[in-house]
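Listed below, chain by chain, are the residues.
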Amino acid sequence: MKLRVNGSEHEVTAAADMPLLWVLRDLIGLTGTKFGCGIAQCGACTVHLDGAPVRSCVTPASAAEGKAITTIEGLSADGSHPVQRAWTEIDVVQCGYCQSGQIMSAVALLAAKPDPSDADIDAAMSGNICRCGTYQRVRAAVHKAAELAKS
Amino acid sequence: MNAVIPTSRRDFLKQTALAGGGLVIAFVVPAANRFAHAQETAAAAPFVPNAFLRIAADDSITVLLAHSEMGQGIWTSLPMLIAEELDADWSKLRVEHAPAAPAYAHAMFGMQMTGGSSTISSEFDRYRQAGAMARALLVQAAATRLGVAVTDCRTESGKVIAGEQSLRYGELVDDASKLAAPASVILKEPKDWKLIGKSSRRLDTPEKITGRAGFGIDVRFEGLLTAVVLRAPIFGGSVKSVDSKAAMLVPGVRRVIQVPSGVAVVADHYWAAKLGRDALAVEWEPGPNAGLDSEAMRLQFRELAASEGLQVTQAGDAPAALSAATAVLEAEYVVPYLAHAPMEPLNCTVKIDADACEIWTGTQFQTMDQMVAAQITGLKPEQVRINTTFLGGGFGRRATPVSDFVTEAVHVAKEAGAPVKTVWSREDDIRGGYYRPMYLHRARVVLGEDGMPSAWDHSIVGQSILAGTPFEPMMVKDGIDGTSIEGVADSAYLKAVANHRVQLHSPRTGIPVLWWRSVGHTHTAFVMETLVDELAQRAGKSPLEYRRQLLKDHPRHLAALNLAAEKIAWDTSKPLMGRARGIAVHESFGSVVAEIAEVSIERGQIRVHRVVAAIDCGVAVNPDGVVAQLESAIAFGLGAALYSSLSFKEGRVQESNFHDYRVLRLSEMPLIEAHIVASSAPPSGVGEPGTPPIAPAVANAVAALTGQRLRELPLRPTA
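Same order as they appear, the protein sequences are chains C and R. 1 is the number of the first residue of the first sequence in our numbering; add one for each residue after it. 1001 is the number of the first residue of the second sequence in our numbering; add one for each residue after it.
If you're looking for bench data, these hints aren't it; they were derived computationally from the structure. Note that CB positions come from ideal geometry on N, CA and C, so glycine has one too. Any given hint could be a false lead.
[Stated by the list, open to error] Listed next, the stretches of chain C that the computed footprint assigns to chain R, with coverage defined by at least 3 CB atoms under 8 Å from CB atoms of chain R:
1. 27-37
2. 103-113
[As the list claims (entries may be wrong)] In silico contact screen, one side only, chain C against chain R (beta carbon under 7 Å); selected entries:
3. 41
4. 42
5. 58
6. 73
7. 88
8. 93
9. 96
10. 122
11. 132
12. 133
13. 136
[Claimed, not checked] Residues of chain C clear of chain R, computed beta-carbon distances all greater than 12 Å:
14. 8
15. 9
16. 10
17. 49
18. 52
19. 63
20. 146
21. 147
22. 149
With these hints in hand, go ahead and build the complete structure from the sequences.
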């Protein structure tokens, strides 16, 4: 099948129902998207299909055909996306494993709601588990990113 | 006073903790290790003053970490210690995990490991000294080059400066490399610190926000296969028969092999391996634990608690005082088995050649990993090269005394005859053992006429996490595992009680158990702090005043308690309508943390709105890092206080993934305000001490709100 990831075309040989997560990680070699639970409970595998956040661990790769797939690697070449800059300013990360998914969820939230309330952040980000408990800083960084995106 | 410290370039000949134990002589900086700098041989040789750093001609300074970065922030704080004494240009710092080698053995535990909230406390001198030693050699090289006295030179931001002249460190690499190590170095006085005590942003952020950070699960190279292992559904079970025909038909599956821990499906990638495993038909011999049932265990533990146990500590005559008393507060506390559930599922990549074994994994226990890999492959430990990747969380799970996930992965690669990455699913993680054990406490306390406890009899029942491990001979004394009783036996409260007694029962259950962020303190703080809160209530005193009175001879407890109380304005403010506050203060890993939680109950569920925390951790090397760890430790403990629990029925773990093994989510995160007690004492633990007080602080707030004393975790208020 043909997949367009971060603007590049990839031809992969995979069963239609192979989750997009494993196609990205094991066949295409983009390992920034993480495996956390395999059942859409933790959000570590969040990527965008045509801008909408999906849990790639339960999304068949065939469902992504013909769509623009964006992964953490496609957000910016140098960490300059407003969400990444906010993450840097607030010093959000700890172990860092969940942060690709956190950032992809935050980017999608801000695209839909450029000025999210705390309740919006609760609704959009509570599907992303962080065992290091960086939630307070994730929340602060989403607000910060909203500011940075405007300036 | 300045500390004058002798240095040495000798490798220190420290045996591992298993062989000897005890304290290593501090203030010894091991020489460079041949593995650590192999990559530079082709380029211009860097200046390698000791095992902990190297400086290259381009001015870059690479710090080698003897400990693993698992979120706790040592990727930043250890380099701060070197950069402080080196007067380095902070923008030139690079960081790497050190290879597994004796030079990087833990200065207190004698083996290379990360745990016990001990990285900064154990490395505070060694890493500063490593930086000071490098600085001394650079200054000497510069003085010679410039024809000035060493005393005419100063250092600043990666340069040696003498009058109008200056030389960058990179320009001095060749000259400094030829010099012998100084006999001693002088460390800066705290008043001269430029980095220590001031917040530095994390150095690992750029990699971790772009997906570039290398975790164990991300290891890829030509020819690497992926395995998943089907393990016995009951601990101690074994394979009776395997039918692998259907598994072998799955496209991408290469082999099905038996290993001591189960049946491994080796495939081209994870998904094929997983489908292959789903297609396996395995018959199991259930083994001795088929009857395991956590409800039944609780009843057994209750009976044990009422019987005579091993005596841990005592003063006066608690039993006599109790039998003479007219009013006794008697209470039972229970906490469940818990999985660590780090976000990165366990994994380990192994490549075995004729004369070497190379391992890539996120590990807290390099020395043990090296030893087990050597044993399985028949190689010498020094032929086993460990590449420590970033850890996607550890919390103790990546430090098993038997190196369980590394052992299994080495067996898989050996049997497969190819390099293999063994990956656990989340279900494998939740059901794979090495849990915080279930504990039951029974306490009986008598209050004197002054309202203060006059007799206290305390019985603890729960599995020893060290019994049966290589650490047992060293860390279990007369049958008493110190990690089972820490936080009770050494409690500041008990010391204030004239008649007290602590007893321990350590039943063996067949369930693999392990340390879990803050270890024994996870249950002992809950018991002690909720019990003292209840005593205060019985005595008709404020929970803050009662604690102050019991802790009057413990200034660090008081400092933390008072700072938290001041910051929440305990005396002058009230929580919003429908909310109440609860306090807890607990010492662990050399630090004291006080937490005050503000809670309400919404639709029968506890809602924690706000937590004000204060820590006394000695010198806070990276204050914002300390604050981040308090936030983290509270979130971790709060998930367990409110939600997490593992149960057993017919030998099997009932929970399997985040839908039924609940952890804290963003919408449940309270606002945390973390404060640091000003201190000039040497640094003490930071990663774990924030966890123990949160469950009792929340339980005490619930009691203040509803009158219900919840004595079981997770906390479940009744309607």
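Evaluated hints:
For the region 27-37 of chain C, the proposed coverage by chain R is satisfied: 10 residues have a C-beta within less than 8 Å of a C-beta in that chain, meeting the threshold of three. A stretch counts as covered by a chain when three or more of its residues have a beta carbon under 8 Å from one of that chain; for the region 103-113 of chain C and chain R the count is 1, and the coverage is violated. Among the interface hints, the one on residue 41 of chain C holds; its C-beta lies about 4 Å from the nearest C-beta in chain R, closer than the 7 Å criterion. Hint status for residue 42 of chain C: holds, given a least beta-carbon distance of 6 Å to chain R, under 7 Å.
A distance limit of 7 Å between C-beta atoms decides the matter here; for residue 58 of chain C the minimum to chain R is near 12 Å, and the interface restraint is violated. With a cut of 7 Å, the hint placing residue 73 of chain C at the interface with chain R holds, because the nearest CB-to-CB distance is about 5 Å. For residue 88 of chain C, the interface hint holds, since its Cβ comes within 7 Å of a Cβ in chain R; the closest pair sits about 5 Å apart. Using the Cβ-Cβ criterion of 7 Å, the hint placing residue 93 of chain C at the interface with chain R is satisfied: the shortest such distance is roughly 4 Å.
Checking residue 96 of chain C against chain R by beta carbon gives a least distance of about 3 Å; that is within 7 Å, so the hint holds. Look at residue 122 of chain C: its Cβ gets to within about 4 Å of chain R, closer than 7 Å, so that hint holds up. For residue 132 of chain C, the shortest C-beta to C-beta distance to chain R is roughly 4 Å, which falls under 7 Å, so the interface hint holds. Because the smallest distance between the Cβ of residue 133 of chain C and any Cβ of chain R comes to about 2 Å, under 7 Å, the interface hint for this residue holds.
For residue 136 of chain C, the shortest C-beta to C-beta distance to chain R is roughly 6 Å, which falls under 7 Å, so the interface hint holds. No Cβ of chain R comes within 12 Å of the Cβ of residue 8 of chain C; the nearest lies about 15 Å off, and the non-interface call holds. For residue 9 of chain C, the condition that its CB be more than 12 Å from all CB atoms of chain R holds, with the nearest at approximately 20 Å. Residue 10 of chain C, annotated as away from the interface, keeps every beta carbon of chain R farther than 12 Å; the closest lies near 15 Å.
No beta-carbon of chain R comes within 12 Å of the beta-carbon of residue 49 of chain C; the shortest separation is about 17 Å. With a minimum CB-CB distance of about 19 Å to chain R, residue 52 of chain C clears the 12 Å threshold, and the non-interface call stands. At roughly 15 Å, the least C-beta separation between residue 63 of chain C and chain R is larger than 12 Å, which holds for a residue marked as non-interface. No Cβ of chain R approaches the Cβ of residue 146 of chain C within 12 Å, the least distance being about 16 Å, so the stated non-interface status holds.
With a minimum CB-CB distance of about 17 Å to chain R, residue 147 of chain C clears the 12 Å threshold, and the non-interface call stands. The Cβ of residue 149 of chain C sits about 16 Å from the closest Cβ of chain R, beyond the 12 Å cut-off, so the non-interface label holds.
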